[in-house]
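*Asks:* Listed here are the chains, written in short residue letters.
Number of protein chains: 2
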Amino acid sequence: MRQAESDLVRALPLFENVSEKHFDELMSTAFLQRFPRGVTLIREGDLPDFLHIVVEGTVELFASHDSHETALDILEPVTTFILAAVIRDDVYLKSARTLTPAQILMIPAPAVRNAFDRDAAFARALVNELAVRYRCVVRSLKNEKLRNSAERLANWLLQEEAHQGNNRRVSLEIDKRTLASRLGMTPENLSRNLAQLSKHGVSKSGADLAIDDIAALRQFAKPNSLIDQ
Amino acid sequence: MRQAESDLVRALPLFENVSEKHFDELMSTAFLQRFPRGVTLIREGDLPDFLHIVVEGTVELFASHDSHETALDILEPVTTFILAAVIRDDVYLKSARTLTPAQILMIPAPAVRNAFDRDAAFARALVNELAVRYRCVVRSLKNEKLRNSAERLANWLLQEEAHQGNNRRVSLEIDKRTLASRLGMTPENLSRNLAQLSKHGVSKSGADLAIDDIAALRQFAKPNSLIDQ
DNA sequence: TTGGGGGATTGATTATTATCAATTGGCAGC
DNA sequence: GCTGCCAATTGATAATAATCAATCCCCCAA
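So the sequence lines, in the order shown, correspond to chains D and P.
FYI, in our numbering the residues of the first sequence are 1 to 229.
FYI, in our numbering the residues of the second sequence are 1 to 229.
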């Protein structure tokens, strides 16, 4: 692994206060791998071999049931995933695939559990990381149960606008099929909901979207700090 | 706190390997309180003062948005709640209320964070507990996104039947209004879905339910070990 | 025993969402 | 430039779920 990549990982909150020794031990067993777009990295139901960290590219977490599939999360660098399965040494509840060419750091699960037992700072950071992840899922669940699909889209737009620099433009970096699944709707309804939002300050400018009247969009979306962000 | 109650808490996986000293310290600042039915214990948006543990009775975790409310979980003894908020020292994302008269053990949040820093076994147990909770929410999210309301009810019935002793009977211990909310449907649709399930091996016997043909119910419910349990 | 009262059920209607089908619209490769 | 392909859109319809309204059914108190 190159120095730049190692530094990137070192800067993760997860490793922030871990001793140099333990960090080096973790990294010595880890490896960084490149994957093309569309590769399934893990499959729900399998047992965890590695803790995964997205270093570059985009990864989709999804789950299937009865010939249906839904996107549960879309991860960007630098994010860990399947931490809970690694800690519990229990089967994955989600699958993961690359949405773009990606670089993934993989740390053998036993090494993670070992470092956890020996490094108090790492243990503390793991708890914190898990707590953050836990709260993210709770937000997603509230989003699903308390909003309809148009509201979910509107709030996603508001979040993306902020994430992409508050310049009233949102470029769609993932394909609409995946976005629809992430937002809990069909691609058809994503189209229709997007068309509906033209009544609430959103317009299409080519492949991207523009928020012409963010106050109107906010009024429709009713963003809530205990659901979004 | 009485010895019997202290023993109950001591037996929680969360405290299993914690040193006697640290456990006693935690308990010395904790207190056990009785609440009548229908009391709001915590309110989403507030900052956490205590880690809560249901020692007796039933507690509903719920959230509100735009004059709607949804039940996110229903807790029975012995379960901790709002652990993630305590660890992060961040606002609650859920509210909690008693559904029955209940006994709640409350441990001051700073004491929890303090014990976490000083007792490795406690830290390990906390991570494990959080990982378990995390996986529960992921299951809930999958349940919501991958099943319709009748399927959610059918699977809930199967789980309750197992939980209540595999005797093909399920007694409704929480009121239907709350159950409907928990299952992500209106009380009206809970009624209708229950009526529909008579086609799939379920019958009403007074206030309780009977599963006359569990194979038929399973065929309809399509239980999935990566969603249920 | 007899009324209330509140939850539960049922019915009718509307809203939301999914599905299926047809069409459009880019865009890569020729 | 064409052509074909695939995603995106649009339309029509069906399935699912929420809402509103009207009973019904218990259980409890007088």
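What the hints contain is simulated information worked out from the structure, not anything from laboratory work.
Some hints could be false.
Pairwise CB distance ranges (calculated) [to be verified]:
#1 D:ARG34 <-> P:ARG168: 52 to 58 Å
#2 D:LEU47 <-> P:ASN166: 26 to 32 Å
#3 P:PRO36 <-> D:SER67: 44 to 50 Å
#4 P:LYS199 <-> D:GLY165: 41 to 47 Å
Please read all numbers here as calculations on a predicted model, not as lab measurements.
In this text, a Cβ means the ideal position worked out from N, Cα and C, and glycines have one as well.
*Asks:* Each hint needs a verdict: does it hold in this structure or not?
*Replies:* Hints versus structure:
1. One distance hint, 52 to 58 Å for the beta-carbon pair D:ARG34 and P:ARG168, holds here, with the actual separation near 54 Å.
2. In this structure the supplied range 26 to 32 Å holds for D:LEU47 paired with P:ASN166, their Cβ-Cβ distance being about 28 Å.
3. Checked against the hint of 44 to 50 Å, the C-beta distance between P:PRO36 and D:SER67 comes to roughly 48 Å, which is consistent with it.
4. A hinted range of 41 to 47 Å is violated for the C-beta pair P:LYS199 and D:GLY165, which are about 54 Å apart.
Violated hint: 4 only; the structure is consistent with all others.
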